[in-house]
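*Asks:* Here is what each chain is made of, one letter per residue.
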Amino acid sequence: MSLTLRIILLIGSLISFYLCVKKIKQAKLKVENSITWMMGSFVLILMSIFDQAVQWLANKLGFMASVNFVFFIIIVFLLIQVFIDNIRLSTLNEKIKNLNHYIALKENSDEREKNVKE
Amino acid sequence: MVSLPINFGLTSGIQVGMKYAKQNGYDIAIQFDGDGQHDAKYLKKLVKEIEKNNVDVAIGSRFVEKKKPFTARMLGSRVISFAIKLVTWKKINDPTSGMRAYNKKAIDMFNSNASLTPEPDTIVYMIKKGLNVKEVQVEMREREFGESYLNAFKSIKYMVNMMLSIIFIRTFTRKEK
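Going line by line, the protein sequences match chains A and B. Counting in the working numbering, the first sequence runs from 1 upward without gaps. Counting in the working numbering, the second sequence runs from 1 upward without gaps.
Note that these hints are calculated values from the structure, not bench results. All residues carry an ideal CB built from backbone N, CA and C; glycine is no exception. Incorrect hints may appear among the rest.
So these bits of chain B aren't anywhere near chain A, every CB distance computed over 10 Å [what the hints assert, rightly or not]:
(1) PRO69
(2) ASN151
(3) ARG174
(4) LYS175
Here are the computed lysine-lysine pairs in the DSS-like style, where the Cα-Cα straight-line distance is at most 30 Å [as the list claims (entries may be wrong)]:
(5) LYS19(B) with LYS117(A)
(6) LYS106(A) with LYS22(B)
(7) LYS117(A) with LYS22(B)
(8) LYS19(B) with LYS114(A)
(9) LYS104(B) with LYS95(A)
Just so you have them, the derived chain B footprint on chain A, three or more residues with Cβ under 8 Å [unchecked claim]:
(10) 89–97
(11) 101–115
My request is simple: use the sequences and hints to build the entire structure.
*Replies:* Structure below.
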């Protein structure tokens with residue numbers, strides 16, 4: 001990896017690390033949701049510092065250049081993150097739908113009870 | 001009338017109806033389009049089918065006795081029919097029909113499985129689960145007001161959805177022992 005890329009990676013991951021901590025402090029991000037981001041940026045920091053280790057591992061795994069290996073790791077990480085978010089979204093959707101149904105049925109039965117009383 | 005505070009789509013509307021039917025212990029639930037396409041006089045026919053002939057789901061179909069016309073609109077219907085036949089070995093002539101009647105068994109099914117929609121793949125699911133699905137000849141009019149939720153782009157999306165659901169998901173639905 002070139003020195004420029006290593007510096008960019010280092011700065012980028014430090015910024016994302018900082019943003020995570022800041023958002024948690026502002027209570028805009030839950031700790032359990034931020035763990036993957038923290039881990040991700042931590043791994044990137046390690047990778048930009050220990051260039052030799054990355055080179056060695058990339059070689060062993062058959063990557064043409066160690067940069068490719070770094071990008072590969074980032075892509076895998078993002079895919080996993082998107083998948084987890086998708087599942088979370090579906091669950092939330094289902095929960096909102098059920099709440100919606102509950103409110104509608106409750107209102108309906110309340111209305112009918114009122115009519116019976118009158 | 002049950003009215004939902006948030007618009008969550010057609011599927012959600014049907015599901016709340018099914019919940020309502022179960023809570024109140026109804027024997028039969030009817031799915032019916034309110035845009036003037038369907039004629040209420042045929043509902044008796046559907047209900048009779050369930051009461052007399054031991055049918056679990058009755059579908060109001062335009063093409064039991066009549067031939068399906070060769071128009072672009074019916075192309076999708078044909079493809080879905082073919083997919084259903086491939087997966088269940090049963091001929092459903094009008095799978096996209098929105099006029100259906102469900103008995104208690106089918107209502108329970110809707111309540112226990114949140115992935116069921118008022119669309120053709122649910123018919124496949126129910127056939128696979130061993131329910132007796134039957135089509136009844138009805139007439140339908142052109143819609144009087146409102147607009148179909150399917151435009152050109154959406155109908156392609158709809159078709160892809162249906163085919164994926166029927167072929168890749170419902171194929172692996174097994175009857176419980």
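*Asks:* Can you list which hints this structure breaks, lowest number first?
*Replies:* none
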